[in-house]
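Using the hints, put the two chains back together into the complex; each one sits in its own frame.
Going line by line, the protein sequences match chains C and D.
Counted from 1, the first sequence has number 205 at position 205 by this note's numbering; the numbering is strictly sequential.
Counted from 1, the second sequence has number 350 at position 350 by this note's numbering; the numbering is strictly sequential.
Everything labelled a hint here was simulated from the structure, so no lab data went into it.
Check each hint, because a few of them may be wrong.
Below, computed lysine-lysine pairings styled on DSS-like, alpha-carbon distance capped at 30 Å [said to hold, decoys possible]: (1) D:Lys556 - C:Lys16; (2) C:Lys196 - D:Lys82; (3) D:Lys3 - C:Lys221; (4) D:Lys389 - D:Lys489; (5) D:Lys556 - D:Lys11; (6) C:Lys177 - C:Lys162; (7) C:Lys105 - C:Lys177; (8) C:Lys155 - D:Lys50; (9) D:Lys45 - C:Lys51.
Across the chosen pairs, the derived CB separations fall in these ranges [stated by the list, open to error]: (10) C:Ser202 - D:Tyr577: 56 to 62 Å; (11) C:Asp81 - D:Ala388: 43 to 49 Å; (12) C:Gly160 - D:Lys82: 35 to 41 Å; (13) C:Val204 - D:Pro323: 55 to 61 Å; (14) C:Asn231 - D:Ile328: 26 to 32 Å; (15) C:Ser202 - D:Lys50: 38 to 44 Å.
C-beta atoms are modelled at their ideal positions from N, C-alpha and C, and glycine is treated no differently.
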Amino acid sequence: MKLLVCVSKTPDTTAKISFNADHTEFNEAGITFIMNPYDEWYALVRAMELKEATGGTVTLINVGPASNDAVIRKGLAIGADDAVRIDCNPTSSLYVAKQIAEYAKEQNYDMVFCGKETIDYNGSEVGGMVADMLAMPFISYASEMEMNGNTATIKRDIEGGKETIEVDTPFVLSAAKGLAEQRIPNMRGIMQARRKPINVVSPVDFEDVSSVVSYELPPAKAACKMVDPENMEELVRLLHEEAKII
Amino acid sequence: MSKYMSMDTLKFLLNEVHNMEELFEYERFQEFDKEAVDILLDSAKDMADKKFYPFVRDMDEQPAVFKDGRIIAHESLEDMIKGYADLGLIGGVFDFEHGGMQMPGTVLSACNHIFESANNHSLGYMGLTTGSANLIATFANQALKDTYVPKMISGEWTGTMCLTEPQAGSSLSDVVTSATPTDEEGVYEIKGQKIFISGGDHQFTDNIIHLVLARIDGAPAGTKGISLFVVPNNMPQADGSFVDNDVQVAGEFQKLGQKGYATAHMVFGENGGCKGHLVGEANNGLRYMFKMMNEARIEVGITATSIATAAYYASLQYANERPQGRRIESTGKKNSNAEQTLIINHADVRRMLLLQKAVVEASMSIIIESSMQADKHMATAHDPEQSAKHHMLLEFLTPITKTYPSEMGQVSISNGLQILGGYGFCTDFVLQQYYRDIRICSIYEGTTGIQSIDLLGRKVTMKNGKALQLLMAEVQETVQAAMTYDELKPYANKLMDKLGLTQKVLGKLMGFAMEGNYERYLMDATAFMQFASTIVIGWQWLKMAVAAKQALVSGKMTYSEEFYESKVHTMKFYFKYEMPKTTGLAEILMDDEVLTIKEEKQLAF
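In isolation and in its complexed conformation, chain D is listed as follows (with noise of 0.2 Å):
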């Protein structure tokens, strides 16, 4: 079996550079500790080597196709459902009261990484269910909660999230499925279509869990008026019998790309006989939502991540095999009658694939840093002050977390398929597969342009700046860190020059919205995305560079001597070729002209 992941880089982000340990004493994550959380990771592996790697090539041949009313998914789907739910691992977050096992999400993330990594056509089945699980055991009542969580924990059922529709993708606000009040209390009649459905529908369950947005009758317009409802395929009746809830499948979209994870066009209420269960307060659907929502982003961020990193092992693997050309001697010449060399040993193969390595563990890097702050958020709960700190900057890390591994994860997936060059291009070779699955990653969940817009609109001026300052204080530390190795010193004060030119950056774009030219604000969103975000894993890099030179400097080495070399070594590549980047969108940003906002006259495209 060729190598989709590394479980070293794995433990080594998690234990050395992020410190696991520390969630360990927080009073809610008490039970785990290094050894439960290293046996579990192995046992993820061990799932993900078996019921799900061998499948992920079949699962883009034999993609999921409507037939006959009903999405038919891959056959291997039916034992991936049932051994990851058997792992524990639906409802493993969740509260002691609500099934769970209180798991740190960080640990939830690691082992989504392995799945994802093995095969990305499938975990979202199962990431979906956990999602509206949750918020179901969040906001609902307790007669929904014990309806319907213990089934989808145990993978009994699966769930999915039901927001957007053929007039309201991005804009939620023009969700226009309807939720009519009928005589039994906090049941409603649904009615309208819901488009791009993942997991809408398979064979491999009893029951589909819809958690849909609609709109009550006479409910206020925009986000506002939108509440969200529980939908099952079947209703679940009071004598243990279920009721055909009028949830129709009309088709199944055909993608580029995931082609195994089933995407759904769903009919509720097309005869009328479609029900619903309000969850928590009428009109706060969106606020439920966005729970899931932000969650989901994270795991967006998983998802490419994933992807990009089996990508990267890919290619790597050939570049070790792939026998080509000759290195140029000291002569300037070549020596045609030497062997072949083996491509990894050309310097611009070596480029690429230090690329795709820089990429794809800084993006699990920054997975983890997000997870923590989401764990110490939920696990300092009783200390409002500390709690708020990790939600912001959970917040503020959110749109980088998702976008980062989705735009740049293409970048990396394509140097990859680079080195294979014409077989790359091949459908005998996986790179194309892993080219096309990816692409999605920057739409779902909030496209690129959102979540640009989320950062600089939202998050950068969030409590008058409090977000970004916690973070600068953040990369801080780490420069502080850093300055103790001489080797490091370089790297540490191009970061603190980036944290200037950041200020500097923002200081101008202030501006507008300071004027109130909210459009010129953010006219440029994206491009300061790609700005913070290529600091951001800046700052990742030289954190992992900082626990590699402890590790090599005190002799405490879990891993051999190379591997800690290369993470210094790859953190100097990525402030080489990535960190300049930087000064190029630092220019865009601060250039007063405009050209992309919309005037009166007409421009002919």
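Chain C extracted, bound-state conformation (with noise of 0.2 Å):
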């Protein structure tokens, strides 16, 4: 099987999020990237897990600038056979979808594998507009998949239980969690890593559709306030008058 997993760079979960001066652009100054967890933990080792499986190739695809090579070389230290990296600086999730799937509509994959979303800019966005920009099914948020020849039976979490959708090759999917076990890469494999190939390649023209006008932080957490366990009566009060929760 020939299988491709779109790798996206997400800010550290414990990074501090901030903006440059007129709130339209994410300060970089000082975070620390990984790979978004839904496209390592998830999408990637199941891609992994069926390659083990069936035999086949899994290239890893990412669309960003070359500091975005050390979250692609961790990809690759799981086990990805290659990778791709369109070298541009994307400006939105049509953007990002445009340009892999301009990639991948030569390449005949079987199965195409992102996140069910990236922790930053929560989109969800990219793998249906892959899908429908390579004329392909979208399954989103799979959190078990068992393959059956060119047939996939996949489940999806949906409200108060579980979806079945059976689907043939090619198609694309979005990896929630319980779709596999995050792996952790070990010496030898980071080692590998390092004499695999990162093709680099050009963007195609595109002229994106929409601009982001401004960003804005959560309000800050508010103080907590101890409330002595004896005092039942100014607990009620505290939240019926300040929390304003009953």
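In structure tokens, the structure reads:
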């Protein structure tokens, strides 16, 4: 099987987020970046499991500048065979999807994996857009997946239960928790990753149709108030008058 | 999950303070680069978060116990050994030909800091396996290497080192465990008892390989008659089967701290059926073992640093969450109607937190300094002059790298416990555990007293003081760099003054050594250790401040501005609150009064 896994670079979950002066750009200074956990833990690992079970190749694809190579290397250390980086500074989900689809359309992938969302912009858009551009079915939020020949049986978490879907390859899938179990790259994999190729490809021309007006941070968390466990009246008063939840 | 260490500080130390990347220019380490090390460190942190940290309190509350002739360790240990081995860390530093990856020891030190901070009760099992497998790989014959090293690297078997006996602790020349030649060449019958054997037994591997110091029948007395043997619990046979090797566990020592880390009383050959393979040449055992021992001493420094680091973050979290009291206003009074302030806003709490930060971050810095010297020593083996230089620096720094974190880590955790007030004394909070866990670090692998005698008695005088001269040159290089920043100049000058004071103190002490009065020379070796290590740690802080200033001035910042400013601020704290202690210590060291040397006349204690 020929598998493509879309991977993004996101700020570490503990990073302090800030924006530039006019709040139109994310401030990257002093930020540690990681591979988007949904891409790494679920999409990539499930693709690796399929490769290990049935043979084939796993290729990573990333849309971004050279500074993303460190994150791509981690994916190679987990076991992907090679990687492609579309060399640009993406401006929107649509831009990213367009670049991935343009690359993938000539490559005849059996499956395209991505995480259900990135943990920074939370768009959940790229997978669906790529599927549309490649004219493939799109299964979102997959939490279980089994293959039988060219047919995949996929379970998705839905409100109050699960939905089971069957789909033939080729298709695009967005991965949610449960699809696989995180793999921690070991030293041998990390050293082998140094010799695996990252093919740098120029982006196709694409005029974006939307632009960011501004970003804002959520309000700061209020200070914690400690209430004496014996003083239930005070707790009720605070919940009623200040928190206004009762 | 609570924070137990800082990846940012660790990477800052590796990359910006100590320029780890220069190691990758050596042929030995050329397979590595910064990116690979970053991924490996992140892997270590991921694993520590998932497999190690969740069990640190459990391992204290459910200690390793002796039951039916075996030691039963905490159930989580199995997964930790497997995870650490799967990462490739047990044999990572070994040569390619021995199944290793020729990883710099500096990287292993950094990884182990992550694991030890997460859980100091478990890493010793793996650390001793690395050390004992390395001894076999370095000094044993090919057959022993082939039999033992691969299975130890894979974590299928673990290893220990067996030195101490009931009558021979710090004084290893008194070891009496015997080794009697058998008909088979290189195989001896081993008989004797060893105590305080860390990781001596557990239920999670099929075999445990003990590196045992013993005396071959008829060998010379003292350290020159000690040999080293590989003694497995189960002796592998040519047909692939195993024979019980008469290695018994007589008990498990119940301890103040590190309760999850089994400490065994081992009995070899009680029934006359224990065999051991001689490693290398007869009567060279202590020399071989000290290769492992020196590495183990740095490892103890890592353990102490890491426990104190975890304690620092636990007390910092508490100080950021606990409201108590109010700040004094400009009127000199407190406004009782105002809301309580968080305790981190009180000056005395900040002082204790800054002391902790100053101790733990500089402790990690000196560990990386020593580890880099060890790596450079190994990587420059083709250039005897360079290699000897790095070896001398390593030799000088090793007792300090073991002792400063072990001793000052205790002080640091005590301050952290104090921040929690009464809660610090309660088992509801982890500080009391860390306070107990760290106590062993100034005892095992050579007590503080032994390290101090080693520093003053051997390292200061080594090659006519050459090691000390090399160290002073390194310090002066940092001073020069600091002098380019106005903000750092006063501290650079203070450090230079302390170098002058060091020469004055040694000038006085050397007089006793020249007279042959060695007992007087070494009388206050521990005070000298405190004196010298306080200055060496000041050097490390100045080095960190220089790296931070470089980032702030150039604007090339990997981390936030506050991160770098906090390094400069903590350096200033160290020079104000810790460095002056050297003046008092110098007074003790140069005082002519003799009160501790035993005299003919009995002293009534």
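State, for the Cβ atoms of C:Val204 and D:Pro323, whether the hinted interval 55 to 61 Å holds or is violated.
-> Between C:Val204 and D:Pro323, where Cβ atoms are some 57 Å apart, the hint holds.
Is 26 to 32 Å right for how far apart the beta carbons of C:Asn231 and D:Ile328 are?
-> With Cβ atoms ~28 Å apart, the hint holds.
Would you mind confirming whether the straight-line C-alpha gap from C:Lys196 to D:Lys82 stays at or under 30 Å?
-> 27 Å, holds
Range agreement (Cβ of D:Lys82 with Cβ of C:Gly160, hint 35 to 41 Å) | This hint holds: roughly 38 Å between Cβ atoms.
Hint check for D:Tyr577 and C:Ser202 - Cβ pair distance inside 56 to 62 Å | 57 Å, holds
Is it true that the CA of D:Lys45 sits at most 30 Å from the CA of C:Lys51?
-> Roughly 27 Å separates the two Cα atoms, so the pair holds.
Is D:Lys389 within 30 Å of D:Lys489, Cα to Cα?
-> At roughly 29 Å apart (the allowed maximum being 30 Å), D:Lys489 and D:Lys389 satisfy the hint.
Holds or violated: D:Lys556 with D:Lys11, Cα cutoff 30 Å?
-> Roughly 15 Å between the alpha carbons, so the hint for D:Lys556 and D:Lys11 holds.
Assess, step by step, whether the Cα of C:Lys105 is no farther than 30 Å from the Cα of C:Lys177, and give holds or violated.
-> 28 Å, holds
Given the hinted pair C:Lys155 and D:Lys50, is their alpha-carbon gap at most 30 Å?
-> 27 Å, holds
Hinted pair C:Lys177 and C:Lys162, Cα distance within 30 Å | Within the cut-off at roughly 13 Å; holds.
Take a look at whether the Cβ-Cβ distance between C:Asp81 and D:Ala388 falls inside 43 to 49 Å.
-> 46 Å, holds
Checked against the numbered hints above, the structure breaks none of them.
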